[in-house]
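Protein chains: 2
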Amino acid sequence: MENLNEVSGGITAARGFKAAGVKTGIKNNSFDLAIIKSQKKAKAAAVYTTNQVQAAPIEVCRNNLEDGTASAVVVNSGISNACTGKQGLENAYKMVEKTGEELGVNTDEVIVASTGIIGKQLPMEKIEAGIESASKKLDRNSDEKAAKAILTTDTTTKQIAVKTEIEGEALTVSGMAKGSGMIEPDMATMLSFITTDADINNQLLQKTLKAAVDNSFNKITVDGDQSTNDMVAVLASGQADIPKITAGSSAYEKFTQALHYVAEKLAKMIVKDGEGGTKFIEIEVGGAASLGQAEKAARQIANSPLVKTAIFGESPSWGRIAAAAGSADDEFDLEDLKIVINGEEIFGPEEYVHSFSKDILTRDRIDIVVDLGLGDVSEKIWTCDFSYEYVEINAKYYS
Amino acid sequence: MENLNEVSGGITAARGFKAAGVKTGIKNNSFDLAIIKSQKKAKAAAVYTTNQVQAAPIEVCRNNLEDGTASAVVVNSGISNACTGKQGLENAYKMVEKTGEELGVNTDEVIVASTGIIGKQLPMEKIEAGIESASKKLDRNSDEKAAKAILTTDTTTKQIAVKTEIEGEALTVSGMAKGSGMIEPDMATMLSFITTDADINNQLLQKTLKAAVDNSFNKITVDGDQSTNDMVAVLASGQADIPKITAGSSAYEKFTQALHYVAEKLAKMIVKDGEGGTKFIEIEVGGAASLGQAEKAARQIANSPLVKTAIFGESPSWGRIAAAAGSADDEFDLEDLKIVINGEEIFGPEEYVHSFSKDILTRDRIDIVVDLGLGDVSEKIWTCDFSYEYVEINAKYYS
Numbered sequence: 119m120e121n122l123n124e125v126s127g128g129i130t131a132a133r134g135f136k137a138a139g140v141k142t143g144i145k146n147n148s149f150d151l152a153i154i155k156s157q158k159k160a161k162a163a164a165v166y167t168t169n170q171v172q173a174a175p176i177e178v179c180r181n182n183l184e185d186g187t188a189s190a191v192v193v194n195s196g197i198s199n200a201c202t203g204k205q206g207l208e209n210a211y212k213m214v215e216k217t218g219e220e221l222g223v224n225t226d227e228v229i230v231a232s233t234g235i236i237g238k239q240l241p242m243e244k245i246e247a248g249i250e251s252a253s254k255k256l257d258r259n260s261d262e263k264a265a266k267a268i269l270t271t272d273t274t275t276k277q278i279a280v281k282t283e284i285e286g287e288a289l290t291v292s293g294m295a296k297g298s299g300m301i302e303p304d305m306a307t308m309l310s311f312i313t314t315d316a317d318i319n320n321q322l323l324q325k326t327l328k329a330a331v332d333n334s335f336n337k338i339t340v341d342g343d344q345s346t347n348d349m350v351a352v353l354a355s356g357q358a359d360i361p362k363i364t365a366g367s368s369a370y371e372k373f374t375q376a377l378h379y380v381a382e383k384l385a386k387m388i389v390k391d392g393e394g395g396t397k398f399i400e401i402e403v404g405g406a407a408s409l410g411q412a413e414k415a416a417r418q419i420a421n422s423p424l425v426k427t428a429i430f431g432e433s434p435s436w437g438r439i440a441a442a443a444g445s446a447d448d449e450f451d452l453e454d455l456k457i458v459i460n461g462e463e464i465f466g467p468e469e470y471v472h473s474f475s476k477d478i479l480t481r482d483r484i485d486i487v488v489d490l491g492l493g494d495v496s497e498k499i500w501t502c503d504f505s506y507e508y509v510e511i512n513a514k515y516y517s
Numbered sequence: 119m120e121n122l123n124e125v126s127g128g129i130t131a132a133r134g135f136k137a138a139g140v141k142t143g144i145k146n147n148s149f150d151l152a153i154i155k156s157q158k159k160a161k162a163a164a165v166y167t168t169n170q171v172q173a174a175p176i177e178v179c180r181n182n183l184e185d186g187t188a189s190a191v192v193v194n195s196g197i198s199n200a201c202t203g204k205q206g207l208e209n210a211y212k213m214v215e216k217t218g219e220e221l222g223v224n225t226d227e228v229i230v231a232s233t234g235i236i237g238k239q240l241p242m243e244k245i246e247a248g249i250e251s252a253s254k255k256l257d258r259n260s261d262e263k264a265a266k267a268i269l270t271t272d273t274t275t276k277q278i279a280v281k282t283e284i285e286g287e288a289l290t291v292s293g294m295a296k297g298s299g300m301i302e303p304d305m306a307t308m309l310s311f312i313t314t315d316a317d318i319n320n321q322l323l324q325k326t327l328k329a330a331v332d333n334s335f336n337k338i339t340v341d342g343d344q345s346t347n348d349m350v351a352v353l354a355s356g357q358a359d360i361p362k363i364t365a366g367s368s369a370y371e372k373f374t375q376a377l378h379y380v381a382e383k384l385a386k387m388i389v390k391d392g393e394g395g396t397k398f399i400e401i402e403v404g405g406a407a408s409l410g411q412a413e414k415a416a417r418q419i420a421n422s423p424l425v426k427t428a429i430f431g432e433s434p435s436w437g438r439i440a441a442a443a444g445s446a447d448d449e450f451d452l453e454d455l456k457i458v459i460n461g462e463e464i465f466g467p468e469e470y471v472h473s474f475s476k477d478i479l480t481r482d483r484i485d486i487v488v489d490l491g492l493g494d495v496s497e498k499i500w501t502c503d504f505s506y507e508y509v510e511i512n513a514k515y516y517s
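Sequences listed follow chains R and X, in order.
Residue numbering for the first sequence follows my numbering, starting at 119 and increasing by one per position.
Residue numbering for the second sequence follows my numbering, starting at 119 and increasing by one per position.
Don't take each hint at face value.
Copies of the same chain look alike in the list, so a pair counts if it works inside one copy or between any two.
Result set (DSS-like, lysine-lysine): computed pairs, CA atoms no more than 25 Å apart in a straight line [to be verified]:
hint, residue 1, residue 2
1, K383, K255
2, K204, K456
3, K390, K498
4, K498, K204
5, K362, K498
6, K212, K145
7, K390, K158
8, K362, K254
9, K476, K263
10, K204, K390
11, K476, K281
12, K476, K145
13, K145, K498
14, K238, K456
15, K476, K238
16, K328, K362
No lab work stands behind these hints, which were simulated from the structure alone.
Quick caveat: nothing in here was measured; it's all calculated off a predicted structure.
Could you put the whole structure together from the sequences, leaning on the hints where they help?
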């Protein structure tokens, strides 16, 4: 993409933002509380989980983001503050109050998120001490600590920053995310925070974010489960030396490209770090009569435990892919089906089984292309395989 | 149930049936071909997979069962004859021709089924030699060999026979099944054959079978995947010393009870022997506004890899059950949700987390009762957990 470059750094790469990550003691000697602070009140937008079980912080964010502005984000990991009733909601409000107090901003300018075990109350003394401490440590070099503090079973931090140029001046979009298990459409157990120094009104920001999320976080799946706490939030500080971005302008197009790029990269990092996953899998279903048909077939394949365990075992069990596709749609006809794995034709048309090398699944990146032969619409879904480690990680008690 | 007793034996317990199981060499030195033979032409009915990918034998059965009669069943394991095109269909027809020839019955009186690897052609020489050999070995004592010959990754044979009494005379229903992975609604990769000595017309037999399958095989799930070869077939020899069974009679009620009992027992055996499964799980969702709502929530919980791995780890992660239920339906309200595991109240109402013993999942049978608080309809689903062994079994190359 023209003039779009990845640059070093994370959530503080965009101008006007500081961050901090601290250890509150909720998680044993790990970073578990992060704050992101915008120098001035920023435009803000967010997209939330569609699970009917929504954690307390989600409710607080919906309230606080009604006016489309925010000055800070506070996030803890270890306990998700979901299924916690009135007390949980009170605690989520206490988090934004305390953060507002420490940072000298209004309570309703604070976004809050929690991730971790369901059904446990937050230890508010630890949380409040952590907010106090993090507020004093805010700087532009603590992005990695902040990115660590939002992780749960993730094995690596997920950060990215990109720069683009508008009329000779730099525009930055940067972000961090946490993922792992329970990743499915609508962003189950996934948090991502994105910052930008663009100057843009909040309606346009919301629209751009929604489109970016649909093309990134909503296209990934680890195990088909949806979570209770997911959100993607973006803050726009307006501190880049560029004019206000308006709908339809070339500046808007560049900003959109940058936001999509950041969202897609973070989403793919989440899949690559899926619980126990050993392979990154892209499933593209083409030849569909509609987008819904393509997506349903792609998800059916992506979420099939039989397909996922076969890929873990590097066993080209294409019959399972055919069976998963066939269970997705009534119009499906095996006679028309084609399956290509990592560039090699495997099956079809007319139920023809090609001879193919048995080691096509030995690499880390697996591309499965399925053609339904029913139309010309296609859709992609990203996922990972199912390993022994997936079972091991999830057999533990998290609630 | 009144006068309904389990008796020893399997598929040949009903009067008028013989069976055989032989080794053709498709599977290394294992029984892999079975024949069931009715002394006279029997009334017959069957229910098939709803996957759009249907194996060749299914097509042959649909044809041969159009007239509602059959005299024999031939089944092989090891290769499923699915995704095999014209050649596969020819081979399926060859199987019924050869069987008819050997047994001296018409080709269209033979039911055929195959289970195993997808996409490979059957070695017809071995199959035909097996049919010849099995035809000569038919007797009333080979039910266990026949039950073995239809297995794939199953670890045990699945057989049952029950007797009931009608006007002082015995009526028998007996059956065998194979299951393991890919078990989901509509009987994915599952075969079951049921025999009875009842005298009943084929329409009534079809109706009774359909109801029995809906309440048994269609309520089990191992991994949410649907298969290409599933069928449940019943043959009624009419050789019991009882009058013809007519709709609405008390004899019909007793026959129905017996058939349901056999189907439910076989279905539960399949779940108990689910690939790598260590626990039998019953999920009952009550308080639903409709049957569809109850079933959807129950399946969402039953098919959640996070719930299944937690149960494997004996971790009472009830939050995952709540999240799975919450992702199933828009009307869901966490405030109304109640979760009971093995008789202990765990969660709700009003998001209250009860104190409960941490060892509630240590036993082999797990009962999860979820109340949605939206109505008074309930539905049950049976499943098993996800273990390391599930991954190990399915990481192998089966296609």
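Now the hints, each set against the structure:
no. : hint           : in the structure
1   : K383 with K255 : neither (28 Å within a copy, 64 Å between copies)
2   : K204 with K456 : between (53 Å within a copy, 17 Å between copies)
3   : K390 with K498 : within (16 Å within a copy, 36 Å between copies)
4   : K498 with K204 : neither (40 Å within a copy, 32 Å between copies)
5   : K362 with K498 : neither (34 Å within a copy, 57 Å between copies)
6   : K212 with K145 : within (20 Å within a copy, 65 Å between copies)
7   : K390 with K158 : neither (35 Å within a copy, 61 Å between copies)
8   : K362 with K254 : neither (32 Å within a copy, 87 Å between copies)
9   : K476 with K263 : neither (43 Å within a copy, 34 Å between copies)
10  : K204 with K390 : neither (36 Å within a copy, 41 Å between copies)
11  : K476 with K281 : neither (42 Å within a copy, 51 Å between copies)
12  : K476 with K145 : between (44 Å within a copy, 21 Å between copies)
13  : K145 with K498 : neither (36 Å within a copy, 38 Å between copies)
14  : K238 with K456 : between (48 Å within a copy, 16 Å between copies)
15  : K476 with K238 : between (48 Å within a copy, 15 Å between copies)
16  : K328 with K362 : within (20 Å within a copy, 66 Å between copies)
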